[in-house]
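In my numbering, the protein residues as written are 1 to 190.
It should be emphasised that the hints constitute simulated quantities derived from the structure, not laboratory data.
Where a beta carbon is used, it is the ideal one built from N, C-alpha and C, also for glycine.
Treat the hints with care, as some may be off.
What the hints assert, rightly or not - Computed Cβ-Cβ distance ranges for the label pairs, DEER-style:
no., residue 1, residue 2, range
1, Leu76, Asn122, 20 to 28 Å
2, Asn122, Phe16, 45 to 53 Å
3, Asp36, Ala61, 36 to 44 Å
Stated by the list, open to error - For lysine to aspartate or glutamate, the following EDC-like pairs were computed, each having C-alpha atoms within a straight-line distance of at most 20 Å:
no., residue 1, residue 2
4, Lys72, Glu88
5, Lys118, Glu88
6, Lys73, Glu88
7, Lys35, Glu115
8, Lys111, Asp84
9, Lys72, Glu114
10, Lys111, Glu65
11, Lys128, Glu115
12, Lys128, Glu114
13, Lys111, Glu121
14, Lys73, Glu115
15, Lys72, Asp84
16, Lys72, Glu119
17, Lys158, Glu146
18, Lys153, Asp36
19, Lys72, Glu115
20, Lys85, Glu65
21, Lys85, Glu115
22, Lys128, Asp182
23, Lys118, Asp84
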Amino acid sequence: MVNIIFSLLIIIAIIFGILSNNLDIINDVILEAPKDSFTMMINIGVMIVLWSGILEVARRAGILEFISRILKKILLPLFPNTSDKAMEFISSNVAANMLGLGSCATPLGIKAMEELQKENENKTRATKKMITLLILNTSGLTLIPETILSLRKMYDAKITVEVIPYVMLCSIVTSFLAIFLDYLFRRRIK
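With the hints as extra help, turn the sequences into a complete structure.
Shown next, in the form of structure tokens:
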């Protein structure tokens, strides 16, 4: 479905460009888009490698484990009667997301889902704990928005670090709102 939507958008843009006599602009965009995409991919890839290395250093130094232990106590009411192994993956996933390491947090989230699936009696339906983890990941609680900072730096934004408090505030509000709504739906669906 998304392929159809994007195809229609491209076709409409080309038709509009032809009708408005802007074929030179369309041609420039078509020729520059791959170069810009490749440059962005390289810059974000380098940033992911850098932050993955920092995460590995933090993991070996015990920082991630320390944050994970603190988060485990906070997250326990959201995930009652969950195995220690699953809670370890869940708290590590949330810790990595909080540090802005979304791409590094993904494998931890997948491992957490696999552990939650082992506890699932009906393998064809997601459990409430699985839905809560998905909501927590989707809401994106982030304290250090490194992807946003690197993109702003890449595109020569005048102000880069000043956005951090706003991103933090937005991510905290959306995460708490998502958890609250999850709680309301859980109570209603029982």
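*Of the numbered hints stated previously, which ones are contradicted by the structure, given in increasing order?*
Violated: hint 7 alone.
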